[in-house]
Each structure stands twice: as structure tokens, then as C-alpha cells.
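Enquirer: Sequence:
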Amino acid sequence: MYLSRSIQLLLVASAVYLVPNSVMAQVADAKNDLTLNASDRTMVIQNLQKSMSKKYVFPEVATKVNAMLAQHLKNGDYDKLGPVNT
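Under mature numbering (1 follows the signal peptide of the UniProt record, and there is no 0), read the sequence shown as residues -25 to -1, 1 to 61, first letter to last.
Hints in this document: simulated from the structure, not taken from any laboratory.
Note that beta-carbon positions come from the ideal geometry of N, C-alpha and C, so glycine has one too.
All the given hints hold, so there is nothing to weed out.
Straight-line C-alpha distance at most 27 Å; calculated BS3-like pairs for lysine-lysine:
no., residue 1, residue 2
1, K39, K29
2, K49, K25
3, K55, K39
4, K30, K49
5, K49, K39
6, K49, K29
7, K25, K39
8, K25, K55
Have a look at the derived ranges for each label pair, beta carbon to beta carbon:
no., residue 1, residue 2, range
9, N22, N50, 17 to 27 Å
10, K55, Q21, 12 to 22 Å
11, M18, A42, 12 to 22 Å
Throw the hints in and build the complete structure from the sequences for me.
Expert: Have a look at this one:
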């Protein structure tokens, strides 16, 4: 599924803004190196999907994005991401 660069950037910004405090607390404890496990990745994606469904201005776009996020999660695409240095 093709999404414009601006929508991709919006998704990343939304994910950062909408990440639950419990995940952010783990970041503080990670000593500047964050590697999310499968459970954490699933939680982040599910929370992003809920927020998109409730708050995104174009519901039909939110539905498409949520489907794309679910498919990427199912395909293991997010498993390929390496650690994030903060």
C-alpha cells in the first residue's frame, strides 16, 4: 500500500506522541538504548490504531492506515527495526 511521504511522517510523529507512558518509562531505564520486544511493538501499534480510530480527522484514512499497520505487524516488518539510541 502506498502512502505519501507526508502521511508517513505524520504516522511517525503520531506514534511518538501517542506512545503510552509505560513504554516511555522503559526508555528512561534503558540507558540510552531502546530495543522493543514483540509484546512492546504490538502494544505500541495497538495503541496507535486506537488513537487513529478515535482522533484522526479522516476516518477512512485511519481505517486504511490501521489495516496497513496491522499487516506490517503480522508480516514481522517491525521486527527488523534495530535498537533506537536516545
